[in-house]
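Chemist: The residues making up each chain are set out below.
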Amino acid sequence: KQEVTQIPAALSVPEGENLVLNCSFTDSAIYNLQWFRQDPGKGLTSLLLIQSSQREQTSGRLNASLDKSSGRSTLYIAASQPGDSATYLCAVATGANNLFFGTGTRLTVIP
Amino acid sequence: NAGVMQNPRHLVRRRGQEARLRCSPMKGHSHVYWYRQLPEEGLKFMVYLQKENIIDESGMPKERFSAEFPKEGPSILRIQQVVRGDSAAYFCASHRAQGDEKLFFGSGTQLSVL
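The listed protein sequences correspond, in order, to chains A and B. Position 107 (the first sequence) corresponds to 107 in the working numbering; numbering is contiguous. Position 23 (the second sequence) corresponds to 23 in the working numbering; numbering is contiguous.
In case anyone wonders, no lab produced these hints; they're calculated from the structure. Hints are supplied without guarantee of correctness; some may be wrong.
[What the hints assert, rightly or not] Calculated cross-link-like contacts (lysine-lysine; reagent style DSS-like; alpha-carbon spacing at most 25 angstroms): (1) B/K51 x B/K102; (2) A/K68 x A/K1; (3) B/K44 x A/K42; (4) B/K71 x B/K102; (5) B/K62 x A/K1; (6) B/K102 x B/K27; (7) B/K51 x B/K27; (8) A/K42 x B/K27; (9) A/K42 x B/K102; (10) B/K27 x B/K62; (11) A/K68 x B/K102; (12) B/K62 x B/K44; (13) B/K71 x B/K51; (14) B/K51 x B/K62; (15) A/K1 x B/K44; (16) A/K1 x B/K71; (17) B/K44 x B/K102; (18) B/K44 x A/K68.
Let the hints inform the model, and build the full structure from the sequences given.
Modeler: See the structure below:
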């Protein structure tokens, strides 16, 4: 059974810093991997989706990498801003219709 | 184009009552998923539906829980005879078609069982 782990559970950084969030998964036979953002009391917003054949995806200040063989993904956020404060979730798809989620990293960017 | 709409946002039920959670997917989306998020836990897959069909219900408890996505109207997640352990946030997500994997999530329904 696929298990997804995110470390750290919480992270506080001063505004302007670059940061890396980590995600690991136990079964490398994945369909794709997604990073989501969840704000308190709200749903999830998809940030980046990496297909199993890809190694990274970029969107603005965000860059996500995927290393299937080692079962790891990272989300890099450049020049962090207070508006980036949220919980970031990593989710691994083992088929076309099932996502396994990590428990998230709660990010606080201090002005 | 409205996003995925879930209602109610908050639902309070007493033990033994029924809870009905509604989800209207984004316009043009025919694939709906339900997830449950317990406090301090990750989202857990419950069920995947297409119009009038349940495709995968492997994450759904065998008893008291059911889901439907009729030809017309929203998808419904029904929990009968609720217990305190059912208290959680229930999220619905949708995507357009097979192969278009980007999921759009609703804001969730927070179910509290007294």
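Chemist: Evaluate each hint against the coordinates.
Modeler: Hint check results:
1. B/K51 x B/K102: holds (18 angstroms)
2. A/K68 x A/K1: holds (16 angstroms)
3. B/K44 x A/K42: holds (17 angstroms)
4. B/K71 x B/K102: holds (23 angstroms)
5. B/K62 x A/K1: holds (19 angstroms)
6. B/K102 x B/K27: At roughly 15 angstroms apart (the allowed maximum being 25 angstroms), B/K27 and B/K102 satisfy the hint.
7. B/K51 x B/K27: holds (13 angstroms)
8. A/K42 x B/K27: holds (20 angstroms)
9. A/K42 x B/K102: This hinted pair holds, its Cα atoms lying about 18 angstroms apart.
10. B/K27 x B/K62: Outside the cut-off at roughly 31 angstroms; violated.
11. A/K68 x B/K102: holds (20 angstroms)
12. B/K62 x B/K44: holds (15 angstroms)
13. B/K71 x B/K51: holds (6 angstroms)
14. B/K51 x B/K62: holds (21 angstroms)
15. A/K1 x B/K44: Since the Cα atoms of A/K1 and B/K44 sit roughly 13 angstroms apart, the hinted pair holds (cutoff 25 angstroms).
16. A/K1 x B/K71: violated (33 angstroms)
17. B/K44 x B/K102: Within the cut-off at roughly 17 angstroms; holds.
18. B/K44 x A/K68: holds (22 angstroms)
The structure fails to meet hints 10, 16 from the earlier list, while all remaining hints are met.
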